[in-house]
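Visitor: Sequence:
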Amino acid sequence: MSDEVLLRTEGLVAGYVPEVDILGGVDLELRAGEVVTIVGPNGAGKSTLLKAVFGLLKPRAGRIVLRGRDIAGGRTHDISRSGVSYVPQLSNVFPSLTVEENLDLGTLARRGSDASARAAAMYEMFPRLAERRRQPAGTMSGGERQMVAMARALMPAPEILLLDEPSAGLSPQFVDVIFEKVAEINGHGVTVLMVEQNARRALAMSARGYVLDLGRNRFEGPGRELLEDPRVAQLYLGGRGGG
1 MSDEVLLRTE GLVAGYVPEV DILGGVDLEL RAGEVVTIVG PNGAGKSTLL
51 KAVFGLLKPR AGRIVLRGRD IAGGRTHDIS RSGVSYVPQL SNVFPSLTVE
101 ENLDLGTLAR RGSDASARAA AMYEMFPRLA ERRRQPAGTM SGGERQMVAM
151 ARALMPAPEI LLLDEPSAGL SPQFVDVIFE KVAEINGHGV TVLMVEQNAR
201 RALAMSARGY VLDLGRNRFE GPGRELLEDP RVAQLYLGGR GGG
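Start counting the sequence shown at 1; every next residue gets the next number (my numbering).
Errors might be hidden in some of the hints.
Stated by the list, open to error - Distance ranges between label pairs, derived from CB positions:
{"hint": "1", "residue 1": "G43", "residue 2": "T76", "range": "36 to 46 Å"}
{"hint": "2", "residue 1": "P18", "residue 2": "R133", "range": "40 to 50 Å"}
{"hint": "3", "residue 1": "G187", "residue 2": "H77", "range": "26 to 36 Å"}
{"hint": "4", "residue 1": "H77", "residue 2": "L97", "range": "32 to 42 Å"}
{"hint": "5", "residue 1": "G169", "residue 2": "R134", "range": "19 to 29 Å"}
{"hint": "6", "residue 1": "R133", "residue 2": "G169", "range": "22 to 32 Å"}
{"hint": "7", "residue 1": "G187", "residue 2": "V20", "range": "24 to 34 Å"}
{"hint": "8", "residue 1": "D114", "residue 2": "L235", "range": "44 to 54 Å"}
Rather than coming from a laboratory, the hints here were simulated on the basis of the structure.
It should be emphasised that the depicted structure is a prediction, and the values quoted were computed from it without experimental measurement.
A virtual CB, placed ideally from N, CA and C, is assigned to each residue, including glycine.
Take these sequences, add in the hints, and give me the full structure.
Guide: Written out as C-alpha cells, the structure is:
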C-alpha cells in the first residue's frame, strides 16, 4: 500500500428520483493497494455510491476525483478505460454466452488488451472457469457466475475494482472462495473498493472501512478498529465489539 490517493469522493450527493437524495454528501478515499469496504444498513446508499463512481448515476453535487481528475458525471466507458472496473450485485454475466465469450467482452473496455494472455491469467486465477470455459454462464451456480463476473471485470487489467456485494446469496463454500479471490486479486496489485453484507468478514480483511447510514458517513477507520468499536458493532454488526 501507499499513501497515494487513487480515488476520492467529496460531498457526493446523488439519487434516482428528483429531489430525493440517497447520498447526502459522502466523503471517501481509496489509496493505492488497499482493500476498502463500505458497510451499513439496507438503504444506506452503499450501492448507489459505487454506481455514481462508475458513471451509472450522475451526481447532483460533489466531486469524484480519479488520480486528480474530476470524473463526476463522466461516461461509464471512459471511466472504464481510465482503469476502473465494476462488478454489480445482480445481472453481472451474459447468461446466454459461454464463460469464454463473457471474458472476451471484458477486453472491449481497454483498447490494445492482449485478450488471450489476459484470459490465460484469469483461468489460472479461477481454475474452475478453465474447466467450464465453453459452458453458458447462465447454467452455472451463483458462485461460479460470480467468478465469471469478477474475471471479466479483470480482463482489461484495471487499477481499481469496484465490487457490489460479491458474496450475496452464495453458499458458505463459495463465500470462502470469493473472499479468498478478493485477497488474491488485491495481492496482484489491484486496489479494491467493496460493498459487502458480510461486514465482519470484509472489514477484517480491509485496510480501512466506511460505515454509511442514511446516505452519510457515520464512522470510518481501519477495518479492524471498526470491528472492535462497540458503537459500530451494536448498531451495524449485530453484537458487541472487541472480538
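Visitor: Now look at each hint and say whether the structure bears it out.
Guide: We went through each hint and held it up to the structure:
The supplied range of 36 to 46 Å is broken by G43 and T76, whose beta-carbon atoms lie about 24 Å from each other. At about 45 Å, the CB distance of P18 to R133 agrees with the hint of 40 to 50 Å. A beta carbon spacing of about 28 Å between G187 and H77 agrees with the range 26 to 36 Å that was offered as a hint. Separated by about 19 Å at the C-beta atoms, H77 and L97 break the suggested range of 32 to 42 Å.
Between G169 and R134 the Cβ separation comes to about 25 Å, which falls inside the hinted range of 19 to 29 Å. Checking the proposed 22 to 32 Å range against R133 and G169 shows it holds: the Cβ atoms sit about 24 Å from each other. The beta-carbon spacing between G187 and V20, approximately 40 Å, falls outside the hinted interval of 24 to 34 Å. For the hinted restraint 44 to 54 Å between D114 and L235, the CB-CB distance of approximately 47 Å keeps it satisfied.
In summary, the numbered hints that this structure violates are 1, 4 and 7.
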